[in-house]
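So the sequence lines, in the order shown, correspond to chains A and B. Mapping the first sequence onto my numbering, position 294 (from 1) lands on 294, and the numbers just tick up by one. Mapping the second sequence onto my numbering, position 158 (from 1) lands on 158, and the numbers just tick up by one.
Treat the hints loosely; a few may be bogus.
Stated by the list, open to error - Here are the in silico distance ranges between beta carbons for each label pair:
id : chain 1 : residue 1 : chain 2 : residue 2 : range
1  : A       : 40        : B       : 350       : 52 to 60 Å
2  : A       : 19        : B       : 29        : 54 to 62 Å
3  : A       : 54        : B       : 239       : 54 to 62 Å
4  : B       : 350       : A       : 412       : 26 to 34 Å
5  : A       : 33        : B       : 124       : 47 to 55 Å
6  : A       : 463       : B       : 35        : 24 to 32 Å
7  : A       : 312       : B       : 335       : 51 to 59 Å
8  : B       : 11        : A       : 482       : 33 to 41 Å
9  : A       : 448       : B       : 341       : 18 to 26 Å
10 : A       : 412       : B       : 43        : 57 to 65 Å
11 : A       : 321       : B       : 223       : 32 to 40 Å
12 : B       : 1         : A       : 315       : 46 to 54 Å
13 : A       : 27        : B       : 29        : 55 to 63 Å
14 : B       : 245       : A       : 321       : 27 to 35 Å
As the list claims (entries may be wrong) - DSS-like mimics (lysine-lysine), calculated; alpha carbons at most 30 Å apart, straight line:
id : chain 1 : residue 1 : chain 2 : residue 2
15 : A       : 172       : A       : 377
16 : A       : 247       : B       : 75
17 : A       : 172       : A       : 74
18 : A       : 316       : B       : 163
19 : A       : 362       : B       : 75
20 : B       : 75        : A       : 316
21 : B       : 163       : A       : 227
22 : A       : 172       : B       : 163
23 : A       : 362       : A       : 419
24 : B       : 340       : A       : 362
25 : A       : 316       : A       : 377
26 : A       : 43        : A       : 111
27 : B       : 229       : B       : 75
28 : A       : 172       : A       : 43
29 : A       : 227       : A       : 111
30 : A       : 316       : A       : 172
31 : A       : 172       : B       : 229
32 : A       : 172       : B       : 224
33 : B       : 6         : A       : 172
What the hints assert, rightly or not - Below, a sample of chain A positions facing chain B; criterion: calculated Cβ distance under 10 Å:
id : residue
34 : 166
35 : 168
36 : 191
Calculated directly from the structure, the hints in this document are not laboratory data. Since the structure is predicted, the reported quantities are computational estimates derived from the model, not experimental observations. Beta carbons are placed, not taken as given, at the ideal position from N, Cα and C, and that holds for glycine.
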Amino acid sequence: MKPRIHSHERDQDFSDVDRSAVLDALGAILPPDALLADREDLKPYECDGLSAYRRLPLAVALPGDEAQVVAILKACHRLGVPVVARGAGTGLSGGALPIEHGVVLSLAKMKRILKLDPYSRTAVVQPGVRNLAITEAAAPHGLYYAPDPSSQIACTIGGNIAENSGGVHCLKYGLTVHNVLRVRGVTIDGDVVEFGNHALDAPGYDLLALMIGSEGLLAVVTEVTVKLVPKPEVARVIMASFDDVTKAGAAVADIIAAGIIPAGLEMMDKPATAAVEPFVKAGYDLNALAILLAESDGTPEEVEEEVAAMRAVLEKSGATDIRVSSDEAERLRFWAGRKAAFPAVGRISPDYYCMDGTIPRKRLAEMLTAIAGMEKKYGLRCANVFHAGDGNLHPLIMYDANVPGELERTEAFGAEILKLSVELGGTITGEHGVGYEKIGSMCVQFQNDELAAFHRVKTAFDPQGLLNPDKAVPTLHRCAEFGRMHVHHGETKFPELERF
Amino acid sequence: MTDEFKARISAAGRTNAPLRIRGAGSKDWYGHALNGEILDTRSHAGIVAYEPTELFVTAKCGTPLAEIETVLAQKGQCLPFDAPRFSPTSTIGGVVAAGLSGPRRVSAGSLRDFVLGVDILDGEARALRFGGQVMKNVAGYDVSRLIAGSLGTLGLITEVTLKVLPVPVAEVTLRFELNQGDALDKLNRWAGQPLPIVASAWHDGVLTLRLGGARAAVEAAQLKLGGEKVGADATAFWRDCRDQALPFFAAERLWRLSVPSVAPPLALPGEQWIEWGGALRWLRSDSPAETIRAAAHQAGGSATLYRAPAALKAQVGAFAPLSAPLLKLHRNLKAAFDPKGIFNPGRLYPEF
Ligand SMILES: Cc1cc2nc3c(=O)[nH]c(=O)nc-3n(C[C@H](O)[C@H](O)[C@H](O)COP(=O)(O)OP(=O)(O)OC[C@H]3O[C@@H](n4cnc5c(N)ncnc54)[C@H](O)[C@@H]3O)c2cc1C
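Just chain B, with the same shape it has in the complex:
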């Protein structure tokens, strides 16, 4: 199968015809407009190795995320970064390339934290393997984590190894009525204490908190924190929050602001949805991009134009602009892995 990919890449190199790497296409809307002939990864699928006691799973790029999660669940394990699932057929290659993490990211860590190794085909169709299947590995540069979130611009991921963890034994969801300022303050204070808070979501005066871990720890924290316990619909709430399937996310123009958790409420017009203990602020707003980017920057973070018509993204950029020295390094790295610029050109930044 990878031979077929190699042939496509070599041919694209010869004719300077860009390739658009695509799994299930569930994130076609993410980043900039798509260029090039589709290279469908779904034929290269299957779990290559799963060793519960070694805490890793290795899968080919076209394997559906759902398939991996089902197999892990049978052994009481999971991918703790909680990747959003925009379609039941989302592939693991696309998940890793997009690098997006869900509500649990604040406690468990991000997708890239769980990447142990990747196999890629670079822009010259060379098969390269970085990292491996062990937890600790510092031989060579950490290219596997560089690949995570690079939106397919550095290479075609053919196989990936991810660290897995046991699912928490106990979980409880609590609700509090709090305005934004108070919610942010409470979240930051709680985060400085040894409490088993695994996720949080604030919207419209209500803070929802997810506790997870050892039963005893969850019960003790529940007593300490108070709030109102959410019953049967908690699981669905967190799933829909993860998959951005709640009504809030159905906006034509949605911004994703990554800021320090302690940033005070951002004085921007529009509705907000806040996760990650305050570090992730979703914003539905028609305010000018400059205003939103300036506010995020001033708070110490950055703003992504997450969902918007392609024309608007082209105009203001989907991702926050890079400083001159960073842009130089990005260009150099792109040239290092894909000298002819055939993989997903312009998907991340128009410059490469």
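Isolated chain A, as found in the complex:
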């Protein structure tokens, strides 16, 4: 087989991969039940949480330990086979979408918590451990793992590392990158590398930061040390109603201007609360055009002080109704609606497409107005949930994949939101990653020189481009095809023209 060299010019072609050689090599490493190659066994791996895109891999390998991961990667490296790591497959950008003629490396079997030490407030876990399982294991010690994606029941820490996942509390407690001390990973050539360590600083470049959010393109994560933090004594959430989304957006800025960093600050618009309420019975104000959920946590005294301060700000910002959770059950109920927003929308629409742009908070209202315009333009409905505190939007575009043309219109709708996110000074993805899905929109956010730099970073780890190829960073060829629509940091070509 001809040697491959990763190129930033063109997508790669793996059609010359020798299927039986791959199966023989993997068969020599794994027990029979840990290697899947029959069509029906491969089916469950054909997509991740973004089910609009599906592809069958050549095989799925399910290693049980790091030594097997090393052996599999070495074999794939030798045979020139692409490898896609996979955690729970809850990703929303097609990051774990298989590559044709490639191997899916599922870390699902590596799901042991190796060590949980309350004294040092750390846990050492295998990549397939579920996010919530860490918090559950730490709970008896009054500790928890802070990043809490809504998918935390299912998603794995390996996937969280790959995406730099956030949650509703990351405004105060940070993203994955702020809560991980060390990642152990295997590069495509089989080198086992320690990124970071059990101390706070490690010598050399901050490769730990580089690994986090690298979408499975640089190394396969085989072990992670996370920080655990003390569970706040109490938490209370304020639910505030607004009769105008602009006022709700302004209230977010007002809270921050008052020197308050809430533990969580989320916003839902009316279509979102309408979808959620019958499903969860969270007690949301269905007359409000937008609701804000603002959480305070800490000592009882601290929470009392902060809740009072936030209430005053919200009243001044024009909230039409304010309710404060009176007990833990009510607090969880208020949050349950927010956390179930995606499945709730899934109940009222055959399909939905979740976007993930981030914009400066002060542009929220502008974005919402624009989205309302796009709903008309594309003839599709959209419900909006936001991590408002950090400007991260999740518009949920509702469509029906069985209606010809709807998926295409949905994609165009989504791409327009992302383009506007960049124009407003934000980014195409706040936490779900670029994956397969947003690869075209990367051409909007970055110039060729920057994309080429990303490709050189990739080459520093994986010269042949075998780990999750053609994801996350578009080739320059692809951008040329996509059309030159790079938006330079909020400066559009015709800023004087109305965009919506």
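Dock chain B with the ligand against the given chain A, drawing on the hints supplied.
Frame of chain A, contents of chain B with the ligand only:
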């Protein structure tokens, strides 16, 4: 201004003459001996954008840190990683390139945690922008955080965006008489509880603790923890601790050991100063480098020869040696951003 930088970089590339990127030069002593012709960043200065409600500040590389902090303070905000200030003229570019954080780092997070975006000129004089001005951004690799702490070896930072936070409403400093072992134990136990401890410093039988946050939380914690309240000189103490201006730090040979906070007292000869709840141990010691590095490594961390004569650093390395696979990745990344090796060669590791 950046055009001038670009021209310098291109010329250096053509003649293979290394450049030594320098702001105010307040950290000239950090890392290895300096090579190359000075490229002074101070002419490229000024705050480009500061939006208190968006919680970010963007500044050109030559802007003095002090200027940024003054502007933030007017809005009741700060850079919570508490970067040490070795000179009143230290520039933000140098601060980010060095990546050093101060006493509050243990609670607030490190400098790199607050980096949202950078503009750099790479070794081929290309202007590249990574990250941005928003809190959450996972488009592309996180190159901005890779640049933080890379000591100018990957590129010339021309502009940087940092996350800012409100300053704590209330602060109290407490003192306890405790030996090292007891202090470390208390710090680790407290850290497992929801207490508003923002910084700690232990030296010579005395533990100084800084509480910060909501007034009610600070008052409640003060009652719970006891200790003796430090009055008016607390602010000066923490400033001098941050800036390493206390007499302890005036050593000819100073080691900086980054270890897990739970590492037991290190049995190394010499005086120690302990911060970050036990995770940072400064050591004044003439013990051989191998002994100190081995102790740090065994504890699960690493040791930096922080302040020492250049000759000694050249001999034993300023920074702990990298494992073979890590060194390979470092070299590859250096080649990815600075293929001709013109930026600060050898400043971090002699190999690149
Ligand atoms: C209902 C729902 C709600 C969600 N809410 C949130 C949210 O609030 N916040 C948020 O950030 N995300 C959210 N997500 C997205 C998703 O859950 C996260 O991206 C999560 O981190 C993915 O984890 P996973 O284990 O499912 O990874 P997968 O989907 O299996 O993989 C994701 C990426 O990680 C890579 N990968 C996986 N494991 C490894 C490994 N061991 N080594 C290297 N690379 C690896 C894959 O190649 C892929 O690129 C949500 C998803 C759903 C379906």
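Outcome of the hint check:
1. A/40 to B/350: 52 to 60 Å: Holds - the Cβ-Cβ distance for residue 40 of chain A and residue 350 of chain B, about 57 Å, lies within 52 to 60 Å.
2. A/19 to B/29: 54 to 62 Å: holds (59 Å)
3. A/54 to B/239: 54 to 62 Å: holds (59 Å)
4. B/350 to A/412: 26 to 34 Å: Because 53 Å falls outside the window, the suggested range is violated.
5. A/33 to B/124: 47 to 55 Å: Given a distance of about 51 Å, which is inside 47 to 55 Å, the answer is holds.
6. A/463 to B/35: 24 to 32 Å: holds (29 Å)
7. A/312 to B/335: 51 to 59 Å: With a Cβ separation near 56 Å, residue 312 of chain A and residue 335 of chain B satisfy 51 to 59 Å, so the hint holds.
8. B/11 to A/482: 33 to 41 Å: holds (36 Å)
9. A/448 to B/341: 18 to 26 Å: Taking Cβ atoms as reference, residue 448 of chain A and residue 341 of chain B lie about 24 Å apart, which means the hint holds.
10. A/412 to B/43: 57 to 65 Å: violated (46 Å)
11. A/321 to B/223: 32 to 40 Å: With Cβ atoms ~37 Å apart, the hint holds.
12. B/1 to A/315: 46 to 54 Å: Once the Cβ atoms are compared, 47 Å apart, the range 46 to 54 Å for residue 315 of chain A and residue 1 of chain B holds.
13. A/27 to B/29: 55 to 63 Å: holds (58 Å)
14. B/245 to A/321: 27 to 35 Å: violated (53 Å)
15. A/172 to A/377: violated (37 Å)
16. A/247 to B/75: holds (23 Å)
17. A/172 to A/74: It is violated: about 41 Å lies between the C-alpha atoms, which goes past 30 Å.
18. A/316 to B/163: holds (27 Å)
19. A/362 to B/75: holds (17 Å)
20. B/75 to A/316: holds (20 Å)
21. B/163 to A/227: holds (21 Å)
22. A/172 to B/163: holds (12 Å)
23. A/362 to A/419: Satisfied, since the Cα-Cα distance of roughly 17 Å is no more than 30 Å.
24. B/340 to A/362: violated (43 Å)
25. A/316 to A/377: violated (35 Å)
26. A/43 to A/111: holds (22 Å)
27. B/229 to B/75: Given that 30 Å is the threshold and the Cα spacing comes to 28 Å, the pair holds.
28. A/172 to A/43: violated (40 Å)
29. A/227 to A/111: holds (18 Å)
30. A/316 to A/172: holds (23 Å)
31. A/172 to B/229: holds (28 Å)
32. A/172 to B/224: The given pair, whose Cα atoms are some 24 Å apart, holds under the 30 Å limit.
33. B/6 to A/172: Given that 30 Å is the threshold and the Cα spacing comes to 39 Å, the pair is violated.
34. 166: Nearest chain B Cβ about 6 Å off; hint holds.
35. 168: At about 12 Å, which exceeds the 10 Å cut-off, the nearest Cβ of chain B leaves the hint on residue 168 of chain A violated.
36. 191: Holds, because the Cβ-Cβ distance from residue 191 of chain A to chain B comes to roughly 4 Å (cut-off 10 Å).
Checked against the numbered hints above, the structure violates hints 4, 10, 14, 15, 17, 24, 25, 28, 33, 35; every other hint is satisfied.
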